[in-house]
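Since the structure of chain A is already known, use the hints to place chain B on it.
Just so you know, the sequences run in chain order A and B.
Here UniProt numbering is used: the first residue of the first sequence is 1, the next is one more, and so on.
Here UniProt numbering is used: the first residue of the second sequence is 1, the next is one more, and so on.
Since the hints were made in silico from the structure, they are not lab data.
Among the hints, erroneous ones may be present.
Because identical chains cannot be distinguished in the list, a pair is counted as satisfied if it fits within a single copy or across any two copies.
Straight-line C-alpha distance at most 20 Å; calculated SDA-like pairs for lysine to any residue [unchecked claim]: (1) K11 / E51; (2) K11 / E22; (3) K11 / L57; (4) K11 / A228; (5) K11 / A223.
These are the residues of each chain, in order.
Number of protein chains: 2
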Amino acid sequence: MTPDEFRTHGKALIDWVADYLESIEERPVSPDVRPGEVRAMLPEHPPAEAEPFEAVLADLDRVIVPGLTHWQHPSFFAFFPGNSSYASILGELVSAGLGVQGMSWVTSPACTEVETLMMDWMVELLGLPERFRSTSPTGGGVIHGSASEATLASILAARWRISGGTVNRTGDTTHLVAYATSQAHSSIEKGLRIAGIGTDQLRVVPHDERFAMRADAFAELVAADVAAGLTPFWVCCNHGTTSSMAFDPTPEIAATAHQHGMWVHVDAAMSGIAALAPELRWVNQGLELADSYCTNPHKWMGVVFDCDLFYTADRAALLGALSILPEYLRSQAAESGQAIDYRDWQIPLGRRFRALKLWFTIRTGGVDDAVAMIRRHVAATQELAGLVRADDRFEVVAPHPLNLLCLALRDGDRATDALIERANATGRALFTRTVLDGRTALRFSIGGRTTDERHVRAGWDLLSSLA
Amino acid sequence: MTPDEFRTHGKALIDWVADYLESIEERPVSPDVRPGEVRAMLPEHPPAEAEPFEAVLADLDRVIVPGLTHWQHPSFFAFFPGNSSYASILGELVSAGLGVQGMSWVTSPACTEVETLMMDWMVELLGLPERFRSTSPTGGGVIHGSASEATLASILAARWRISGGTVNRTGDTTHLVAYATSQAHSSIEKGLRIAGIGTDQLRVVPHDERFAMRADAFAELVAADVAAGLTPFWVCCNHGTTSSMAFDPTPEIAATAHQHGMWVHVDAAMSGIAALAPELRWVNQGLELADSYCTNPHKWMGVVFDCDLFYTADRAALLGALSILPEYLRSQAAESGQAIDYRDWQIPLGRRFRALKLWFTIRTGGVDDAVAMIRRHVAATQELAGLVRADDRFEVVAPHPLNLLCLALRDGDRATDALIERANATGRALFTRTVLDGRTALRFSIGGRTTDERHVRAGWDLLSSLA
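Excised from the complex, chain A in its bound form (with noise of 0.2 Å):
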């Protein structure tokens, strides 16, 4: 492709994707597809000769788009949003443009820079506590792909500090314990395997009637582990858990944790966004004493995917555990101790210049919008808790200070599946189900950019009608 090639081809690419979010609306939410059907409708093997772009962006109409879900749809209530806005488009077109690796300060300079400002602007946006600044004496943050790559690192993290740094040699975890409910997210047990640490040394911790982590029992469960001669290391605080959006008592888990020199991970992957609105700051509550914490703008920020931000208050640990220097990746800028490696807050080596979708968001009125869009989704759940408490067929079954109502027929689990089953293959919406204290829930996750009271309205229209 030439120079004039690409000019042409992108800017039909440009009004190609301005047309299928313009038009989203008007197609099915999700497809109604068989495993192996999309591939059978292209070739088996790669083509012998170079194709027309034409070919190409026809297929994107006739193959791709009939094949996706479609999560920008306003009436997507399924799993969480992963809204995106337009300049963050534009901010990952920009970022593939250039093509740099920002693995190392002076693998490009502009891309670290770039993304320390914007960890540190998100601080001052979220409220988040000044221990977490990169100007702060010990902390820092960086963007992650997603919230489990960030779990992992803080595991990571705590591990090495509780260790005093042996583990990277010995890799011996054997007296090491943590601590989450059953309601905390599959990358905590994921990340706690990754790392050698094993599920039997997982305290699944009770949880009260909110869903949330009970404070008594965790101190408990720490006390027991501490007598048997093991050590508590890592607890995760879910701000918002994905289940049901419970959030759990960081200010006295906290206590209790460091008592023990465990480390405290917040989570708050999909919720810590909200506390772009200040009247929504609540739902940081005690990440002053977090040791680590993450949320992600590609959820509810309209930060395309991937953009997760990860914060610690004790970067030495995570270089500790992260830090590796051949020969081949020294400098002196990063041995001088003035600039930062990002590689070394990572799991991977290479990294884009995500920064860019995040700055290009913030700069063109993304956060006005954003907390405009989370006050109207806050709104809109509320107003839809009432109108599920109305009709005698339907329960709340969860807390809903945000944007998430789980709801069940009262008819039983069955009769809950079955709505969530033949909603979803209206097309009309898209639901997911989950289990909360063994009751089957469907999830109405209200998060689209252009999602609105009337889409969340046709959406309970629809599970009333079928009910």
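Then chain B, alone, in the frame of chain A:
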């Protein structure tokens, strides 16, 4: 930003990217900035009000571009190539525009199925063993973000297999031993550390004068470890090391490894793509014996970062190590066994539609372009070696079968280091250093999409005149 503004600004950015890439040769390869200087050019606090997009665009030219190391510059001879084609940039644009999640088949079927098809297309294009195909009884492939992640995934699969799966529960890795040479990538040490294996359990296998693993020394180390009651479980064979592009003798290593049930991972992150050219398929030697393999289209095939191809011949082990199924991620499609859920093939949960950039590249003639480029780079490297050998002041210090030449001044390490520093300071080219068996070497890595014989010769003239 409205849809119409997106159309306008997006088209302006397409032109901006084309202008940047077309004029890149006029810029110094690396910036003349000190730590903190880029940040100091930007406001310390986020803007209180939305700024016009033109202001953002202007800052790309004022702040960002002058602060970049230009990885797409034809005289970028540093680190490794990270070249990108116009078609792949457009693939990233579409991926961002669609904003879908491919963590499970059901979260966007086309995202999964195009990826599986691309992995199978690449088996064909690279001439890889059939057992890596998704349609084979036990194998398959996935796109990872980087080779570091592939290395870690292979370690985790190996750890799972050798322990019969119990490691997930117990985290017990006490007796496990891993093997690689000192020339292997830093991600191997990092991956073992992350996996809780500990670097004491990594055996550094001696290498020969070509910096390749000595198969006899490997066999002796394994025998000694077995005799000591330890469990050899994983060996990394490099096909093209980062320092000097050495190739380990995989057939001999695998023969020993498989006698002991070990996992053989082949890391060909940089060099594996050479196999697009049929006459270079020797880089695949021994792959039919590998349990896992990775190579990076984002290095030498013009597919913009991130795109690492990770194949395994034992997907059950990979899934055993990495799959976790919470209620909110269940689906009929996956439980039927007919669909692939790629979240179980990787470290994170979330994933972008990265297959699009590979699909765009291949369909628009990217393979022919890459083959021509690879041949041009290999020829230029051999010609460069002739020039270096003809100059008494210099020495070629490692074999150079493909596109990396390691050279040094006969005057000693200090002279070589000074030469690298002076050459880089001109901004006319960029080189990195390494240390080979205690000796400093200049790495002349030839891999830019637009790098041709003219740039290589100019790079050499620069070194020669400064020496």
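Hints, verified against the model:
1. Taking the closest pair of Cα atoms, K11 and E51 come within 20 Å of each other only inside a single copy of the chain (19 Å); across copies the shortest separation is 24 Å, beyond that limit.
2. For the homomeric pair K11 and E22, the shortest alpha-carbon distances inside one copy (17 Å) and between copies (17 Å) are both at most 20 Å.
3. In this assembly of identical chains, K11 and L57 lie within 20 Å of each other by CA distance both inside one copy and across copies; the values are 12 Å within and 17 Å between.
4. Taking CA atoms no more than 20 Å apart as the test, K11 paired with A228 passes in neither setting, with 65 Å inside one copy and 65 Å between copies.
5. In this assembly of identical chains, K11 and A223 lie within 20 Å of each other by CA distance neither inside one copy nor across copies; the values are 63 Å within and 61 Å between.
In summary, the structure is inconsistent with hints 4, 5 from the numbered list given earlier, while agreeing with the others.
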